[in-house]
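*Asks:* Protein chains in written order, with the working numbering: chain U, 3 to 429; chain V, 15 to 293; chain W, 14 to 308.
Mixed in with the good hints, there may be bad ones.
As the list claims (entries may be wrong) - Label pairs and their in silico Cβ distance ranges:
id, chain 1, residue 1, chain 2, residue 2, range
1, U, 291, V, 63, 21 to 27 Å
2, U, 291, W, 160, 54 to 60 Å
3, W, 160, U, 174, 37 to 43 Å
4, V, 84, W, 79, 45 to 51 Å
5, W, 62, U, 65, 30 to 36 Å
6, U, 363, V, 276, 20 to 26 Å
7, V, 124, W, 26, 24 to 30 Å
8, U, 174, V, 220, 53 to 59 Å
Derived by calculation from the structure, the hints in this document are not laboratory data. By construction, the Cβ of each residue, glycine as well, lies at the ideal position given by its N, Cα and C atoms.
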Amino acid sequence: MKKILFSLVMVAVLLLSACGGKTAGGNANNGSPVQITYMEWGDPAELDVWNAIVSDFEAANPNIKVNVDVSDWDSYWTKLKTLLAASTPPDVFAMDAPLYLDYQSRGVLLNIQPYIDSNPGMLDGLFPNTLTAYQTPDGYFGLPRDFQTIVVFYNKDMFDKAGVAYPLSNWTYDDLRATAKALTADTNGDGTIDQFGYVIDPWDFEPGMSEIIWANGGDLINADHTKTLIGEPNARTAFQFLHDMMFIDHSIPDPNTSSQYGGDLFLSGNAAMMAMGHWAVPSYAEAGFKWDVVQMPSGPSGQATSVNSAGFVVGKDSKNPEAAFAFIKFVLSTAGQTRLAEMGFACPVLKTVAESDAFLKQSTPINHQMFIDSLSFAHMKPVFKGYDEWSSTIGDGLNPMWNGEAELNPTLDDIVILADEVLANNK
Amino acid sequence: MTKTTQKMLLDLVTYAFLFFGAVTMLAPFLWMLATSFKLPADQFTHTLIPNPATLDNFRKLFSFDLNFPRLFLNSTIISLLTVVGQLLTCAMAAFCFAVVKFRGRNMLFTILLITLMIPEQVTLIPNFIIFKWLHLVGTSVPLWLPAFWGGAFGTFLLRQYFLTIPRELVDAARVDGASLWQIFLRIYLPLGKPALAALAIFTFQGSWNDLLHPLVYMPNVPNTTLTVGLAFFQTQLTQGGRFTVLMAGALISILPLILVFFFAQKQFIEGISLSGLKR
Amino acid sequence: MEYGLKPLGREKLWFWIMLIPTLIGLTFGALGSILATLGLSLTNWDLLTPPTWAGLSNYLALFDNPAYFKALTNTFKFSAMYVPGVVIVSLFVAVLMNRKIHGVSIFRTIYFLPAVTSAVATALVWNMIYGRDTGILNFILNRLGQSSICWLCSKNALMSVVVVNIWGAIGEGMIIFLAGLTAIPREYYEAATIDGAGLFDQFFSITLPLVTPSIFFQTLISTINAFQAYDYIYMMTRQGQGDSSVPVVVFSIYRNAWNFFRYGGASAQAIELAVLVILLMAFYFWLERRYVVYE
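Work the whole structure out from these sequences, hints included.
*Replies:* Okay, structure coming up:
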């Protein structure tokens with residue numbers, strides 16, 4: 003019996019060592035292909051597109067091999083941080099703009115300014131407000147790969163059924179409120195509302211809260227990131243507006259209610275409108291109803307929306323920075339950007355591609371132009387060291403308020419104090 | 015009341031409780047099963063029989079170009095190796111703690127138990143650094159090799175069980191001139207089968223369902239485990255409201271565990287007989 | 014309990030061979046990690062830059078932190094409900110299954126199902142069951158003429174989550190107890206029946222005392238699990254990025270370590286949690302000396 007056991011173990015060990023993978027990243031060695039790793043988060047469907055981009059790239063650069071690693075959001079950051087902690091960073095990896103400074107300030111990113119300088123005109127074709135997030139006094143440590151603006155997605159079938167007119171691009175928040183109210187209903191007559199007029203994310207500023215704050219003339223944080231501004235009068239008015247929609251009109255579902263419908267009320271057909279970015283387009287394409295997008299409404303200070311980007315950065319300890327940069331350059335070229343545009347998850351940062359059919363006439367037949375037009379009144383999602391902790395503190399603080407267990411004004415007062423402490427701790 | 019009536023009544027009560035409990039245990043799974051055959055539009059309905067029913071969700075799972083068979087194989091091999099490692103080393107250690115007298119036995123055991131208390135997320139980084147230094151990142155070795163260094167849970171479990179094995183057997187064997195190793199092999203291992211089976215089940219399950227370690231040590235599909243492959247889709251599926259596919263995936267990943275359990279549980283039928291020691 | 018064989022002569026070698034793997038594992042594996050965690054808890058480390066010395070500041074900061082105390086309270090409340098629940102229910106189930114009845118293999122498999130499943134998927138199912146407006150529980154309640162209960166609102170969330178965790182752990186407890194029960198020789202029961210002892214008597218004077226080693230094991234392990242419980246609680250009460258309406262200490266540890274670049278602080282919290290469990294463990298050992306019966 004023991005003999006069998008031992009032979010089993012030996013066989014298995016041999017098997018496994020045979021099919022065990024290689025350690026990540028290889029070095030250039032007298033002319034044999036350089037191997038770089040590119041890590042990013044994304045949808046499984048993105049893997050195919052990235053592989054296509056990589057084959058195009060490898061065809062144009064025969065001495066570089068790219069190994070693409072795509073994971074879901076949570077896994078991505080766990081893997082990335084583990085690799086960085088062990089000083090074996092991937093050569094190129096994806097970065098969420100707001101978190102960029104957390105990494106850059108800790109010295110794990112390579113300064114790619116020299117490479118940009120030796121490629122003059124490389125950045126000219128990109129939308130300027132996508133570049134702002136990555137600029138530091140010492141130059142660029144990363145570049146945007148694609149961007150997201152927030153718009154309102156609306157369910158055309160639901161509007162048709164209720165006889166409500168579609169939103170116009172010059173609509174106001176009052177229009178939004180009225181429309182949402184008209185579309186909130188108890189469709190199956192069981193006494194509880196199951197169709198909601200408008201859905202926002204109550205914890206992350208990007209889809210829904212920051213836009214109305216800006217449209218009201220308020221802001222989230224001051225320019226040098228030392229003071230949280232969500233307690234200022236203009237911001238409070240914005241919160242009050244959303245609060246009223248939630249607790250007076252009941253057109254926005256509170257977190258307890260929305261958790262019953264899974265993660266996404268728009269997709270499940272329980273919401274008429276939702277503030278969302280382009281990343282949702284491919285999965286909404288499979289929705290069983292007709293929908294389209296329109297810009298965020300305007301408030302007393304005009305129209306406002308949020309712009310954010312996913313970028314790439316190069317690990318400081320990467321052994322092949324030239325190859326890494328060559329890959330970045332390729333993805334920012336027309337060829338790379340076109341493929342990304344066709345994939346549909348985000349908006350291309352290269353102007354020519356954004357205005358071309360590759361993006362505008364991609365497979366889902368909606369008004370993609372809205373996302374590009376929104377850039378003209380978009381505010382940047384804040385980028386600073388400690389962003390994650392700061393926004394989590396605020397999100398945590400808002401919970402009781404959205405659950406109806408705490409009053410709006412005292413809650414905001416408390417949050418601002420805690421959030422400012424976080425800012426101070428992160429300087 | 016006669017003995018047989020009493021037994022019948024007892025059996026009835028037993029069945030009633032077990033049955034009622036089984037329904038509670040099973041209910042969520044029945045719902046999962048039903049949902050995995052439903053159309054996405056019906057995913058929130060309360061019906062247990064999907065109407066219309068579809069195989070689409072399973073098809074979708076396999077369409078994800080994940081190389082399921084390979085992931086399955088990887089998970090299986092790693093889990094099996096882990097079980098072998100744990101059974102071997104924990105049994106030996108448990109024997110030492112339960113039967114052998116040595117200085118510092120209690121203190122060492124206490125230290126062993128303390129290691130159970132640090133959550134794995136926190137020990138991940140120090141361990142990763144060690145394996146990286148050994149150039150073992152990217153292979154499956156960090157996932158099963160630690161199983162060959164014993165483990166607090168397994169040792170604790172087996173030690174408790176070993177302590178219940180009658181001392182007379184050991185004393186008798188000693189009188190007959192049996193050595194320590196022989197006592198371990200001929201008395202404790204055979205009599206410890208129920209606990210060993212339990213440990214095998216738990217170890218297999220722990221390894222099979224482990225996400226954190228394969229995520230970090232074997233990050234690239236398809237050279238990774240089933241859990242990592244599935245995690246790839248989970249966030250997308252939960253946020254995207256595609257529960258039907260998520261349920262299908264969850265069901266598939268449970269199947270091997272159920273099979274392992276079904277076979278391993280036969281060990282529980284055996285009991286100890288005081289009469290005679292099987293040589 | 015101070016029984017033990019003394020290894021004689023060459024047996025000492027065997028003894029060492031048997032213990033060496035565990036010793037290696039302890040020193041380099043577990044103990045090494047614990048010392049590393051302890052060390053890191055005295056630093057401020059953001060994973061990316063070299064650690065800086067922080068002394069006891071991470072520990073002191075915990076006293077100032079109302080969120081941490083709330084999490085600690087929740088953790089204790091959770092454990093106080095969970096541990097007795099799991100031990101009692103799974104012992105009961107195991108005792109029932111230990112009788113000679115038909116179809117016991119099927120029953121055992123059914124009871125073990127929840128223990129093997131992925132928490133992510135089943136947590137979602139439980140969300141559906143507990144849903145205030147759409148859930149099955151309230152559906153049944155309404156049918157019976159009762160009004161809906163908000164199972165996952167802050168008031169009831171802890172209880173609801175404890176139930177799910179117990180549901181998920183019965184299978185494992187059942188296995189442990191079944192193994193322990195089969196170690197009780199049937200001759201004892203036969204002798205007791207001949208002596209005229211009834212069922213309850215047999216349970217309390219034979220079964221219960223002889224299953225105390227397993228009870229000790231299960232209680233200790235369940236306590237450790239309760240303090241580290243994460244999956245179900247998070248999936249069912251999550252609110253936003255890593256927060257929940259029933260925060261427990263583990264959430265704080267994970268967020269600090271992985272999101273906020275405060276690995277040192279997270280380590281301190283982990284150590285503190287471990288210390289609390291160790292205190293409980295000392296209590297359990299005391300109980301063991303007094304009440305646990307080994308043959």
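*Asks:* Would you mind marking each hint as holding or not holding in the structure?
*Replies:* Quick rundown of the hints versus the structure:
1. U/291 with V/63: 21 to 27 Å: Holds, at about 26 Å.
2. U/291 with W/160: 54 to 60 Å: 33 Å, violated
3. W/160 with U/174: 37 to 43 Å: Roughly 40 Å apart at Cβ, these two residues keep to the hinted range, so it holds.
4. V/84 with W/79: 45 to 51 Å: 49 Å, holds
5. W/62 with U/65: 30 to 36 Å: 34 Å, holds
6. U/363 with V/276: 20 to 26 Å: 55 Å, violated
7. V/124 with W/26: 24 to 30 Å: 26 Å, holds
8. U/174 with V/220: 53 to 59 Å: Taking Cβ atoms as reference, residue 174 of chain U and residue 220 of chain V lie about 56 Å apart, which means the hint holds.
The structure is inconsistent with the numbered hints 2, 6, although it conforms to all the rest.
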